[in-house]
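J.: Quick note, the working numbering runs 800 ahead of the 1-based positions in the sequence shown.
If you are wondering where the hints come from, they were derived from the structure by calculation, not from laboratory data. Wrong hints could be hidden among the right ones.
What the hints assert, rightly or not - 27 angstroms max Cα-Cα, derived DSS-like pairs, lysine-lysine:
hint, residue 1, residue 2
1, 941, 991
2, 810, 861
3, 1014, 941
4, 991, 944
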Amino acid sequence: MFYPVYLNLKGRRVVVVGGGEVAERKTESLLDTGASVLVISPEVTPHLAALAEQKRIELRKREYSHGDCADAALIFSATDDSEVSRNVYGEAMARGIFINTADQPALCSFIMPAVLRRGDIGVAISTSGTSPALASLLREKISKIVGPEYAQLAELLSQTRSEIRGRVSSERDRRELHYRILNSDIITMLKANDPAGAERRLRQIVEDFVCQQKTQ
């Protein structure tokens, strides 16, 4: 059984061992988090080479050496060399560093879910490593339910969060207000490409709720 968690990797060192397409995808997703990425491989894709030229990643064009992961918060091993994979895994375990080895669950201390992203919303789906294909299928099904309008809704809620906290003191009342917002027609307005109308509707719900609280 795996424990689901989201990590803040901003500014943290993450080591990617390997230079192929899998390593490239891992590197791109890590850069999106603000991680400091070190790629180690004697050969890399043109895109990884370009990222190194742009100083967006650190690149060591050589084989992995013992000690390369010493300061890492996480390690991704994405090499076709099984001996290298075992060596990286062994060092990671000895140092207490979490490691994910591509297509080798036995050499993983954490696994990666299939992720659906909608702005600040992230929906992670995992089958605990039993069937990545099933996780991908479920992601596709969920993507038809959770559309881009939910990213807009999350942004609206973020913009009004401080105001709501300042005007509604009770946590219980704030929860009730948020459920009123979520159960309203705002999401329908966003689906209809009416963000201005959705924002007005949200403001109206907040004002009506605050006025109601004052009369109680």
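J.: Next pair to validate is residue 810 with residue 861; report whether the Cα-Cα distance is within 27 angstroms.
T.: holds, 24 angstroms
J.: Between the alpha carbons of residue 991 and residue 944, is the straight-line distance 27 angstroms or under?
T.: holds, 13 angstroms
J.: Just to be careful, I want the Cα atoms of residue 1014 and residue 941 compared with a cutoff of 27 angstroms; is the pair within it?
T.: violated, 44 angstroms
J.: If you draw a straight line from the CA of residue 941 to the CA of residue 991, is it 27 angstroms or shorter?
T.: holds, 18 angstroms
When held up to the earlier numbered hints, the structure conflicts with hint 3 and nothing else.
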